[in-house]
Structure formats: C-alpha cells, structure tokens
Amino acid sequence: MNNWFLGFFTSSIGRKLLMALSGLFLILFLAIHLAGNLQLLQNDGGVAFNKYSAFMGHNPFIQLVSKGNFAFIILHAVVGLMLWVKNKTARGAQGYAVVKTRATQTNPTFAKFMWLYGIIMLVFIIIHLVQFWAVMKFGEVGTAVQLVDIEGEQVRDLYSLVGAAFTNLGFVVFYVMSMVVIAFHLWHGFQSAFQTLGWNHPKYTPIIQVLGKAYSVLVPLGFAVIPIVFYLLHS
Amino acid sequence: MKLNLKIWRQQNAKASGRFESYQVDANEHMSFLEMLDVLNEGLVSTQKEPVAFEHDCREGICGTCSLVITGQPHGPQSGTTTCQLHMRHFHEGETIVIEPYRAKAFPVLKDLVVDRSAFDRIIQAGGYVSVDTGAAPDGNDILIGKEVAAKSFDAAACIGCGACVAACPNASAMLFVSAKVSHLALLPQGKPESARRAMNMVHQMDEEGFGMCSNVTACEAECPKGISVENIARLNREFIGASFTTSK
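Chains as they are written, first to last, in the numbering used here: chain A, 1 to 235; chain B, 1001 to 1248.
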C-alpha cells in the first residue's frame, strides 16, 4: 500500500475521521445492544432473552460483526488516547493562570473531558465483558454458568447470570453510574462525529443536534432501567 | 479609574517568566491598549522596562493585538479585538490578569509578545491564488451567487490574530486554517487549487505542532470576527475529499 493512506490516517483530520467513523459504529452498536437487552424485561423467566443470547453467540454473521466491534472499541480508545496526548502537549509547558470560557455551541465541559469519560467507559467495558461475555464464552458449565432448556436445546443461561448481578446493589449502582458517563460521552460525541465528517449544514445540523441529545439520554436510560427494574423486582 | 494589573513578564524566549503586579490610573474612554500605553509611560519615566505587547492598526482589522485578558483572548467583550476593548467594561479597583497567548506553536518572545509566524508558514503552504485574477471588471465577469459570496466574505473576515488557538483547550489552529481554506475554495478563482491548498495547509498546520480539533467550539465563541465552525466542517470535507481523490 502506498504511503498516502498512512499519511492520511496520521494527519490530524485523518485521525479525527477514524474517531468519528468508529464512534458512529459504536453508537449504532449501542442501539442494537439495547434492543436485545430490553428482552430481559419480558416477564417470561428469561426464555426470549436466552434464545436471543444463544442466537447472538452462534450466528456467524453476528460473530464477525462482534469481532469488528472489538476492533473498533480498541481503535477508538487507542486513537483517542493519541489525540489526547497530542492535544495536552499542544498548549506548551506554560499554561494559563486564568481560563474563562464563553458559552459555546456545545458544552465545553463534555467536550473537554471526553478522554476521562472514555477511560471510565473502558474500565466499565472490561468489567462488563469479564462478568458476562467471558463467562458465556469460556466459563465452565455447572460452576460458572448453568445450562437451560430453550425449545429443546441446551443453551447457557445468561438470564440467570444477569439476574444474579442485578440483584446485587453494588453492581446496580456501578451499571447505572457507568450509563451516566456514557450519556456524557455521547452528548458531545454524537454531534461531534458529524461535524468531523464535514456534515455541518444550517438545515440538518439542528436536527442532528436534537437527535444526538435525545439519543444520549434515551439509550443510556434504557440500559440503566434494566438493572434498576431487576433490583426492585427480584432482590 | 484605578486598576490593578497582573502582567506576565518574560525577558526573552529562553527566560522563564513570572507575573508582576502594577497599578495604573486609567480613563474609562481609553482602549485597553491605551491603558497599557499609560502604564508603559509611567514605567519609562521611572527608568523601568516597559511591557512589550503587540499592536498595529488599533482599529480591529490587522490582527496584531492579542493578549489573554483575565482568561479570555481579546478580553470579556465578544466580537472585538483587544484594541477595540474599552476600559468602561472594567470597574474601579478591578484586578486584570494579562497573559500572552499560550501555545507550543506560538512561543513567547518577550512579555506579552508571541511568535505567530506559524500562521504565515501555513498561508505560504497554500493560502493564496497562484494566477492573476485581474482587476474588478474581470472579477465581475464571473457571476457568483450572493449567498456563496457572503459565505466566502464571512470566512475572509479572519484577521489571523490567533485568538482561536489561544481559546482552544487543544491549542488547535483549525478555525484559522478553515477560514483561509474556505474563503478561497468557495469562489471560482480559488477552486482550481482547492484540493492542493487544503492538503498543503493542513500538513503545515500539523507540522507546526498545533493540537487537533475536538469540536469544543471555544474558538468560534472567542473569535473577534465571529468566524463560524461551519468552516471547520468545510475544511474537513475539503481535506478528506482531496486526500482520497487527488493522484498525489
């Protein structure tokens, strides 16, 4: 491959494009993940959710997309960290004694602390994966995870695993707090991705901004409702 | 009106600087720079070294004056440069902190003077039209829609003062570069070189050590000329498009 490609993706705008595209993919992933997870709230003892979980765990297309998802999370984190380091050093050794910020289009607090929200989210993702994904994938049947009969097929009982976690107040608080951080990250990230892609237009930008704010509140709220409902109903 | 000033003093680019306190008796009709002139006259008359600061036209069009005044580039009034800021916007006995722009790409030369030649090198990389476009009658031969002309003119209002870099938490020069790319790319005379221009100017910007855009929009809020971040989106389009479509 010619070095123009590498040159583009190491330029400032190229790196921002990587952040925007991987970010938009992960935004889409969140919506799909939420749609699946909301089946946890069906009052059927976990039949629908376990059926869905078995499908997600075995469908070859989903497996491919999930690999891509891991890759995008890593890419987003690594490039984000590189941008953060470069941006931190761009001010120079001597910073300002006083900083006062005028009101801006986007809330500068959310924009400035994307790195911090990102690091908290990375910790969340690792704990979340160890707790559920790793157990479903590698956990020993009988000890770490039980089998359950769904329409004559023996599948791993993710529903009980989730139920056990969400009846623990510590985990409920941890999950809800993590969703608040994701909401902050999305509040800036959603509309920022479109600006980076060059999609700024007097007709469409206001729509994107409203959509972004609605998305960044509703999707994390949807995720946060699940542990709260579980805790209230089952603990 | 009596004012307390805390001013950054630094002997030269290599020396380490510090804040020094001064008292000045100003008049509310003075501009901020005239207030500094009064301070310097006092310093000179007592055999002290005057505070070095940059200024030229003093009517808000040259982009030479800078200063971060109590945490804001060009001071508390929006849409004006330091030279257009009058002392009536401050109150009796107020303490004003005056700092130079802070960016790795804008090293301090002395006191409040920073070296902004990084901007000149970015312009030299492509912020121009190579061919003679003729006089006004030639220009008028090419019809340009009013909306397009207005957008181009709004971008051309950039005076290259560097307040965007000073205000950006990442010390990014994207607003400046985007304004310079936009005002030429929007017009037919600037179009033939637009791809080359966007690529060369962005590469020079990266080279100079400015930070990257996080879409904070602090630049737009502090810009004395109200340059819109819409231009940054246009620069992104120009640069991404040029990178993937040109043969170089």
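To be clear, the hints were calculated from the coordinates, so they are not data collected in a lab.
It should be emphasised that the depicted structure is a prediction, and the values quoted were computed from it without experimental measurement.
There may be inaccurate statements among the hints.
When the alpha-carbon atoms are kept at most 20 Å apart in a straight line, the in silico SDA-like pairs for lysine to any residue are as follows [to be verified]: (1) B/LYS1151 x A/VAL85; (2) A/LYS100 x B/LYS1248; (3) B/LYS1248 x A/ASN3; (4) B/LYS1104 x A/GLY92; (5) B/LYS1006 x A/PRO206; (6) B/LYS1104 x A/LYS203; (7) A/LYS203 x B/CYS1057; (8) A/LYS203 x B/GLY1145; (9) B/LYS1248 x A/TRP4; (10) A/LYS100 x B/LYS1146.
A few chain A residues that don't get close to chain B, going by computed Cβ distances all over 12 Å [as the list claims (entries may be wrong)]: (11) LEU83; (12) ALA111; (13) MET114; (14) ASN168; (15) SER178; (16) HIS234.
Footprint (simulated), chain B over chain A, 3 or more residues, beta carbon under 8 Å [stated by the list, open to error]: (17) 12-24; (18) 96-105; (19) 185-197.
Even for Gly, the Cβ is constructed at its ideal location relative to N, Cα and C.
Margin query: Checking a non-interface call: every C-beta of chain B should be farther than 12 Å from the C-beta of A/MET114. Is that right?
Written below: violated, 7 Å
Checklist line | Given hint B/GLY1145 paired with A/LYS203 - CA-CA distance at most 20 Å | finding: Between A/LYS203 and B/GLY1145 the Cα gap is close to 19 Å, so the pair holds against 20 Å.
Check: Is it the case that A/ASN168 keeps its Cβ farther than 12 Å from each residue Cβ in chain B?
Finding: holds, 37 Å
Check: Just checking, A/SER178 versus chain B, shortest CB gap more than 12 Å?
Finding: Holds: least Cβ distance 22 Å, greater than 12 Å.
Margin query: Would the hint linking B/LYS1104 and A/LYS203 be met if the CA-CA limit is 20 Å?
Written below: violated, 37 Å
Item checked: Agreement of B/LYS1104 and A/GLY92 with the hint, judged by alpha carbon distance not exceeding 20 Å -> holds, 4 Å
Notebook entry, point to check: Hey, B/LYS1006 versus A/PRO206, does the alpha-carbon distance stay inside 20 Å?
Noted result: violated, 42 Å
Notebook entry, point to check: Holds or violated: B/LYS1248 with A/TRP4, Cα cutoff 20 Å?
Noted result: Given that 20 Å is the threshold and the Cα spacing comes to 8 Å, the pair holds.
Next item on the list: Quickly compare the C-alpha distance for A/LYS100 and B/LYS1248 to 20 Å and report which way the hint goes.
Entry: With Cα atoms ~43 Å apart, A/LYS100 and B/LYS1248 exceed 20 Å; violated.
Item checked: Assertion that A/HIS234 lies farther than 12 Å from chain B (Cβ) -> holds, 42 Å
Margin query: If I take the minimum Cβ distance from A/ALA111 to any residue of chain B, is it greater than 12 Å?
Written below: Answer for A/ALA111: violated, closest chain B Cβ roughly 4 Å.
Next item on the list: Check the non-interface label on A/LEU83: least C-beta distance to chain B beyond 12 Å or not.
Entry: violated, 6 Å
In the structure shown, a violation is registered for the earlier hints numbered 1, 2, 5, 6, 7, 10, 11, 12, 13, in ascending order.
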